[in-house]
Each structure stands twice: as C-alpha cells, then as structure tokens.
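Trainee: If you read the protein sequences in the order shown, they are chains P and L.
Read left to right, the first sequence gives residues 1 to 116 (our numbering).
Read left to right, the second sequence gives residues 1 to 270 (our numbering).
Just so you know, these hints were derived from the structure itself, not from any lab.
Beta carbons are placed, not taken as given, at the ideal position from N, Cα and C, and that holds for glycine.
Take the hints with a grain of salt, since some may be wrong.
Chain L stretches covered by chain P per the calculated footprint, using a threshold of three residues with CB under 8 Å from any CB of chain P [as the list claims (entries may be wrong)]: (1) 205 to 214; (2) 217 to 228; (3) 241 to 247.
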Amino acid sequence: MKLVLPVVVLFALSGCGEEHTTLGGDPERGQLLLRQYGCSSCHHIPGVAGARGNVGPPLAGVARRAYLGGVLPNTPENMARWIRGPQRFDPRTPMPDMQVTEPHARDMVAYLYRER
Amino acid sequence: MRTLIVLLEIAIGALVAGAAFIFMGLYDVSATQQHLAPTFHLLQTGLRQSVKHHSSDIAVPPLDDPALIARGLAHFRSHCVQCHGAPGIAPQPFALGLRPQPANLVHSAREWSPAELFWTVKHGIKMTGMPAWRFRMMDDDIWSVVAFLRTLPTYTPEQYRTLEARAHEHRHAPPAGAPDPERGKLALTQYACTTCHAIPGVVGPDAPVGPPLENIGTREFISGGLANTPQNMVRWLRAPQAVNPLTAMPDLGVSEHDAADIAAYLETLK
Chain P
1 MKLVLPVVVL FALSGCGEEH TTLGGDPERG QLLLRQYGCS SCHHIPGVAG
51 ARGNVGPPLA GVARRAYLGG VLPNTPENMA RWIRGPQRFD PRTPMPDMQV
101 TEPHARDMVA YLYRER
Chain L
1 MRTLIVLLEI AIGALVAGAA FIFMGLYDVS ATQQHLAPTF HLLQTGLRQS
51 VKHHSSDIAV PPLDDPALIA RGLAHFRSHC VQCHGAPGIA PQPFALGLRP
101 QPANLVHSAR EWSPAELFWT VKHGIKMTGM PAWRFRMMDD DIWSVVAFLR
151 TLPTYTPEQY RTLEARAHEH RHAPPAGAPD PERGKLALTQ YACTTCHAIP
201 GVVGPDAPVG PPLENIGTRE FISGGLANTP QNMVRWLRAP QAVNPLTAMP
251 DLGVSEHDAA DIAAYLETLK
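Given only the sequences and the hints, what does the whole structure look like? Please build it.
Mentor: If you want it as structure tokens, here you go:
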C-alpha cells in the first residue's frame, strides 16, 4: 500500500517526457492545423482558439468516443482516414473533404488523441 | 473536550476506512456473491418500506373484471414470466443469474397490496433489475397486470398453462399531449440514452459512445446531414436508421409521444 502513491506520482511524471505520439504525428502542429483547415468553424475544440462552432459535434474528449460521425469505429487510423475523406465512410455526412494531407491528418489525430 | 477529540478521530477514521473500502475495490460487486445476511435483510426492509411509502396515495380501481384480468395475463406472459416464472414454469436461464433474484410473484401477490404492485411495475426498482414500465405501458395496462397478479395464487400449474395458451395481447398506444420537456428529460433515462451520450442535466455514466449532447439545441445537424428541427429530431429519435442507414444508433422503439417530449428537452440545451 505504501508503494501506491510513489508509483502513481512516477506514472504522472513519466507522461511529461512522452516521446511517442499517436500515429507519430506532432500534436502542437496538429493544434495549429485544426484552425488552418477551418475545423473550428464547425466544431468546438478545446485549446483551439475560436473553435466554438456548433455545426458538428464538439470534439472535447473525442479520443474516447466510440464512433466517428456516428458510423466509423474510432481508432487513430480511422480518425485520420475520416478527416481525409469523411464522405467515403458516410455519403450523407455534411462534413466536407478539406483536402487534408496524410501527414497533417496524423498531426491532428496526435492532438485530438492527446486531449483526453 | 477530550471526548470530542476522540469522537472526531473515530469519525475521521471511519471515513478513511470507508473511502479505502470503496476506492481500493474491496467490495465484491459480483452477482455470484450474495450479501451478508444483515445487509440482505436491511436492503429487503428498505425496499419494502420504500414501496409502501411511495404507493400509499395510489387509488386502486376495480380489479375484478374478467376481461381486465385476461388482458393482464397477456402482458404477464409477454413481459414478466421471463424473469419471474409462473406456477410450474421456471424463469429463463439468464434470469437465474440475476442478484437479487426476481421475486416469485405468487408470493408477492399474496403479500403485497395492489397499490404496491402497481407502483413497483410502473416505476421499477433501482439496482435490482426490475425495470420501470411507465414508458412502455399505459396505467390501465399496468392495472390489468395487477388484476391478473391478484388471481395468480389461485391457479394450479395446470390451470395456469391452460389460461396462458389462450391469452391475447392488446396494446394501448399512449396518447400524445403538448411536448413536455420535463417528461422528456425523464424519458431520456428510460430509453437508455445515457448509456451512449453525455446529457446535461441527466445523471448517467456519460459513456462517450455517441457525441455529447451539450448545446444540441443549437447544433446545425443531427446526423447524415439532417437539419436540426424539432420535427426532424422526432423523426431521428424514432427511426435513426431510416434517416441514416449507416448510423450506430439503434431504433429504441421510442413512441411518438415520448420522442416529442425528448426533442422538447433537447431543444432546451443551448
């Protein structure tokens, strides 16, 4: 029992020097890109300035969400695919194809997966 | 002063021990582990007293009409036997693993008053597996079940089987009123909405299976490009897969009336 607290503290600290990011993307750049691609005009995204849109669902805690767009099982890989071409997965979705490049999609996923 | 400090220490000690018991996961929540006898009897007594208290003001209608009893039997066969069994008939296998075990209703019918039975069927009992039927049955259908339950202890197993074979179910459609957001808020908990959505104002697991419903009242789209209007929300709630065949949201059998009330509540989330 004595060990529990130090171990918890260690775990919390070890997160600070985290090298591995989701899909190897750059979360800081992802945060910027989410604005550059206009995501913020439709979605509320924590940490992204001006992202108060309420056209689509809010993206707070989206890493834990079970489905993307209500249709696609949520994994980092699927999220990158969804961002790059949502209408491939749901032809009726109002979310447009924003011509996001593969590396940019990885960066966005890295950011959205970091913000749990 | 000294006694006060000792009492305070005991109180803090009890709180810490209680917190440790909960947060270290020492309590065994498994359904294979029965409660200790004192806990079991305490819970039983609490349940019994709560039902008595909450049903004390219910006016009981006449329950002797054979047509009413026959209607009740049909509901009983469709919705009660699976967990509770009937004279000479065992519950379904899944129900045998429930804890607490669903009551034998011959016993309940002998011991519980009609008002108590009505209240229990209508509102269900938290943490027991007994569901509330309020959003699935009209009050007079629930009374028909109570009318039938009163006769249950009088049948031999053979008589029960004969009666059951002849039963026909008649369902009453609930009448629609003006959309009522407060009722809609309650209905949200009765169609399992909170098992997939975080909904402001409604306590639940907040499991993010679908999107959170904060600000849903001002959201532009519902799903699959369906514009967010009250009529469309009712359409979506009643048959999501008819709106978007790809959606993971299932058809929960929401009635027109309940969907209108739920939509009215969701509209208030801005």
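Trainee: Hints first: check each against the structure and report whether it holds.
Mentor: Here's how the hints hold up against the structure:
Judged by the Cβ-Cβ criterion of 8 Å, the segment 205 to 214 of chain L is covered by chain P as claimed, because 7 of its residues qualify and three suffice. With a threshold of 8 Å between beta carbons, the proposed coverage of the segment 217 to 228 of chain L by chain P holds, since 7 of its residues qualify and at least three are required. Here's how the segment 241 to 247 of chain L fares: 3 of its residues keep a CB closer than 8 Å to some CB of chain P, so the rule of at least three is met and the hint holds.
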